[in-house]
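Participant: Here the sequence shown is numbered in the numbering used here, starting from 39 and rising by one per residue.
Watch out, some of these pointers could steer you wrong.
What the hints assert, rightly or not - Derived DEER-like restraints, expressed as beta-carbon distance ranges:
#  : residue 1 : residue 2 : range
1  : E47       : P94       : 15 to 25 Å
2  : T118      : H53       : 15 to 25 Å
3  : K68       : E112      : 13 to 23 Å
4  : T104      : E48       : 10 to 20 Å
5  : I58       : T118      : 20 to 30 Å
6  : R72       : E112      : 18 to 28 Å
7  : E47       : L91       : 11 to 21 Å
8  : T120      : Q56       : 36 to 46 Å
9  : C54       : S108      : 17 to 27 Å
10 : G95       : R69       : 16 to 26 Å
No wet-lab data here; the hints were simulated from the structure.
Don't be surprised by glycine CBs; every beta carbon is placed ideally from N, CA and C.
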Amino acid sequence: MTPFRITFEESTQRHCLQTIPDYHVLLNGKRVQRLYWNMRGYRGVLPTPDGGLFEPGEVSLTKFKTIARSLEREAKKQKTAT
């Protein structure tokens, strides 16, 4: 079974007046989603270990990273339980 690793990569494509960068969500090195800035925080979804998507709402990039680490721990726990 492949490891479950979520990382974030800053997007190089921006609109002409966009000052805050967007981020790509990578699952095991493959782009799966995109985070974009929306007035009060980033919006987007994160993949879950069971194949679903988790949408935390409008939160900071730090919060997305915290949630990603928690999803990775959950995936590791599921892997050891089987």
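Participant: Are there hints from earlier that the structure breaks, and if so, what are their numbers?
Facilitator: 2, 5 and 9
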